[in-house]
Structures are given as structure tokens and as C-alpha cells.
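Q: So you can see what is in the structure, the chains are spelled out below.
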Amino acid sequence: SQTIHQWPATLVQPVGSPLSLECTVEGTSNPNLYWYRQAAGRGLQLLFYSVGIGQISSEVPQNLSASRPQDRQFILSSKKLLLSDSGFYLCAWSSPANYGYTFGSGTRLTVV
Amino acid sequence: DAKTTQPPSMDCAEGRAANLPCNHSTISGNEYVYWYRQIHSQGPQYIIHGLKNNETNEMASLIITEDRKSSTLILPHATLRDTAVYYCIATGAGSYQLTFGKGTKLSVIP
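Each protein sequence line maps, in turn, to chains A and B.
Quick note: the first sequence uses my numbering, first residue 1, plus one each step.
Quick note: the second sequence uses my numbering, first residue 1001, plus one each step.
If you are wondering where the hints come from, they were derived from the structure by calculation, not from laboratory data.
Nothing here was measured: the structure is a model prediction, and the numbers come from that model.
Any given hint might turn out to be false.
[Claimed, not checked] Interface residues of chain B toward chain A, partial, derived using beta-carbon atoms under 8 angstroms:
id, residue
1, 1008
2, 1012
3, 1019
4, 1040
5, 1043
6, 1044
7, 1049
8, 1098
9, 1100
10, 1102
C-beta: ideal position from N, C-alpha, C; glycine also.
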């Protein structure tokens, strides 16, 4: 069966520090991969999606970036975190036919 | 994605059926209706989806009106663990942009 792993579960980082969040999927090949963010009390915002290795589409211009170095690995990065980057970050995957998304357990990031 | 409209909140007594409505009057012919839910501090969970016909799985039933302008998610016997925000999304099968609105906060009351 397919599983999605996302880590760490919680993270506290100072302003200006770098960020790297990793997401991996098991049990499937060539998944579509997504990064979402949910600010406190707000809805889910799509940040990036990827339909293949090295293919990244950005939905919201910001100081975050994403990479997909391997088929089932998706990384969210920042060179310098801002206070406004605080939030709940969720990775998700779907099949190319887009039949339902499966979300990871999320990373709660607090920038201080 | 077609715009969807959901009530911001609903209450349901434990053991009763929870009926969550969704309006999607501008849905196009190739757009599916998806339902997800998000329990506090967790990632969203896929529940069910449908195009025209009513659908049922182990979690819920989805009733889509004949004109497809609205739908209802039915949780047949709500439990306290069903307390969550429920999202209704209308999107094409090939879409890469699943857009979550504000959803309906369902509170199951003992």
C-alpha cells in the first residue's frame, strides 16, 4: 500500500535561518506531489506542485522553493525564513489521474 | 475549479446522520465533486468523490442532484471522531490544483 512520510512533525526556527522539509512517498511511482501551507486559523494554500522529477510549478511567489530530486521525494526549502512563514506545512500526493489526494501528517513550523 | 459554497458550521448529535450540503451551481460537465475532511492538527483526509451518480463507501455517501448544482455528504451514524472541518471541492479530473475553501466545521455533540 502507498504511504507518505513527512518530517519533522514540529520545528521552531529563528528568523533568517534556512529551512528544509522533506516528504517521501512509498508504494507508487510517478506520483503528483504537492506542498500546501495552512496559516493559523486560515485555509489550505497550495504552494508548489510537481508532476515529475525536476518539474516544479509555483502557485504563490514567496521566499520558499521546492525541489524534486527523485521520483518519490519532494523537498520544501527556504534560504531565510520570515515570521510570516510560520504555519502548518502539508505534503500530499496523487496519481496522475488525480483520483483523490493523500496528505502527510504535516510539519508545524514556528518562526521566532 | 468551480466555486463551492458550504455553511460555515453545523452541529450533529452523536449517532445521528450528519448531512453536509454543498452548492456548486457553476460546475462544468467534466468536474467531479470531492469531499475531504480535516481533523484538528492533522492533514486533510479524502472521503469520497463523484461525477453524476450517487456514491457510497465505508465512510460516507455522496448524493449529487440531477442538475449537479449541489450535493450532500452523508455520514450515516456520526461519532465524536467525525468532528472536523469538511471541504467540498469541484474540480476536473486532470486538475493539479485542488483548491480548499473554508469548509464546514462539523461538531458532533454527545
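Q: Could you run down the list of hints and mark each one as holding or not?
A: Against the structure, the hints:
With a cut of 8 angstroms, the hint placing residue 1008 of chain B at the interface with chain A is violated, because the nearest CB-to-CB distance is about 12 angstroms. Because the beta carbon of residue 1012 of chain B sits about 22 angstroms from the nearest beta carbon in chain A, more than 8 angstroms, this interface hint is broken. Because the closest C-beta pair between residue 1019 of chain B and chain A is about 22 angstroms apart, greater than 8 angstroms, the hint is violated. Residue-level restraint check for residue 1040 of chain B is violated (minimum Cβ-Cβ distance to chain A is 11 angstroms; threshold 8 angstroms).
Because the beta carbon of residue 1043 of chain B sits about 3 angstroms from the nearest beta carbon in chain A, less than 8 angstroms, this interface hint is met. At about 5 angstroms, the closest approach between the beta carbon of residue 1044 of chain B and any beta carbon in chain A falls short of 8 angstroms, and the interface hint on this residue holds. Evaluation of the residue 1049 of chain B hint against chain A yields a held restraint, the C-beta minimum of about 7 angstroms falling below 8 angstroms. Hint on residue 1098 of chain B holds. Least Cβ distance to chain A is approximately 6 angstroms, under the 8 angstroms limit.
A hinted interface residue such as residue 1100 of chain B counts as satisfied when its beta carbon comes closer than 8 angstroms to some beta carbon of chain A; here the least separation is about 4 angstroms, so the hint holds. With its C-beta approaching chain A no nearer than about 6 angstroms, residue 1102 of chain B sits inside the 8 angstroms limit, and its interface hint holds.
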